[in-house]
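Student: Residues per chain are reported as follows:
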Amino acid sequence: MRETRLWSWHLLVIPIIIVLLGAHFAVMHYAPVFYGVSVEKAREFETMIERGKSITQFVLYILLLAAALYHGLYGLRGIIRELPMSPALGKIVDMSIIGLGLFIFAFGTYVTWWTFSFKIGG
Amino acid sequence: MNSNKPAYNNRLGLKGWVYAGKYTFERYLYLGHRLTGMGLIAYMLLHIIETANRMRGVEAWEELMGLFASWPFKIIEYLLFAAAVFHALNGVRLLMTELGFFLGKPKEPVYPYSSSIKRHRPLTYIIMALAGLIIILGGSSLFFP
Ligand code: HEM
Ligand code: HEM
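From first to last, the protein sequence lines stand for chains A and B. When we follow the numbering used here, the leftmost residue of the first sequence carries the number 1, and every step to the right adds one. When we follow the numbering used here, the leftmost residue of the second sequence carries the number 1, and every step to the right adds one.
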């Protein structure tokens, strides 16, 4: 049951990733097409801060961070756990992946918060 | 004698990811899906650390973005984009398969056999053609600003 639930989440977060990663690529990659600005301009420090100071962006970045991290790390766990290993080693793999995921999530959230609360000019 | 040991060892290990006999188109898509999935998660972990450089200030950030604007990084970025598009579209196909769409109704196994994979294949070709199109178009704004 637990495994089924974890796998269901792996699939359930996909719509979030499709929408948000699609939007992320539109901003970073297709900026000239959708926003009429160059790719370089879209990635300038000022532009990034401007983006990051909006509450919508703040929430969406954290959502993308959580969804893509979960989907990707669960997938990675599946690949590693297909290799032959003892149950004890399997547990270590699971714990390491959970640890890595929580660390990257906390760090990414902090960085996004830093951007959100950035004081322009000071 | 150890009774758990199979009489014939057919375990292929890592080699089985790449080739295990007569492969169908879908089996190569599986390989591509796995490789792009691993590439994407590796990129994502580095990406979170790399974009944290913004906390070191404007100069550090602009220097990093300058590096990414160079040709080798543009090519890497394009490969990443292509990997993401392939993984996403093939992933949508997998979702449809897993939810049982476009596989046709189960049939009696009467010769000439029609498998659900074969019935699904036209959709597979359409989705892959779409992925190819997006990948080709996606290079335009990156390489011809
Ligand atoms: C853009 C939308 C995406 C879609 C539609 C998608 C879809 C899928 C699907 C359907 C699976 C297979 C699940 C299964 O059959 O059990 C999968 C596996 C996987 N995905 Fe994604 N994915 C997407 C984005 C990502 C991203 C952004 C990452 C990395 C951060 C990622 C990493 C992985 C990995 C590592 C696997 C495991 C591959 C394997 O077991 O061979 N995916 N994805
Ligand atoms: C073409 C490739 C990509 C480029 C150029 C790019 C660029 C950037 C930039 C410049 C930022 C900083 C924030 C901002 O400017 O608004 C950022 C943040 C972010 N990107 Fe990407 N990105 C790319 C691909 C991806 C992919 C494939 C993923 C997910 C698998 C992803 C996930 C994220 C996340 C979660 C953040 C927020 C970081 C944080 O919370 O610390 N990006 N990206």
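Mixed in with the good hints there might be a few duds.
Claimed, not checked - Pairs of lysine-lysine residues, derived as DSSO-like cross-links and limited to a Cα-Cα distance of at most 27 Å, are as follows:
no.: 1; chain 1: A; residue 1: K53; chain 2: A; residue 2: K41
no.: 2; chain 1: B; residue 1: K118; chain 2: A; residue 2: K91
no.: 3; chain 1: B; residue 1: K105; chain 2: B; residue 2: K118
no.: 4; chain 1: B; residue 1: K118; chain 2: B; residue 2: K107
no.: 5; chain 1: A; residue 1: K41; chain 2: B; residue 2: K118
no.: 6; chain 1: B; residue 1: K15; chain 2: B; residue 2: K118
If you're looking for bench data, these hints aren't it; they were derived computationally from the structure.
Student: Take the hints in turn and mark each one as holding or not.
Tutor: Against the structure, the hints come out as follows:
{"no.": "1", "hint": "A:K53 to A:K41", "result": "holds (17 Å)"}
{"no.": "2", "hint": "B:K118 to A:K91", "result": "violated (39 Å)"}
{"no.": "3", "hint": "B:K105 to B:K118", "result": "holds (12 Å)"}
{"no.": "4", "hint": "B:K118 to B:K107", "result": "holds (13 Å)"}
{"no.": "5", "hint": "A:K41 to B:K118", "result": "violated (47 Å)"}
{"no.": "6", "hint": "B:K15 to B:K118", "result": "holds (26 Å)"}
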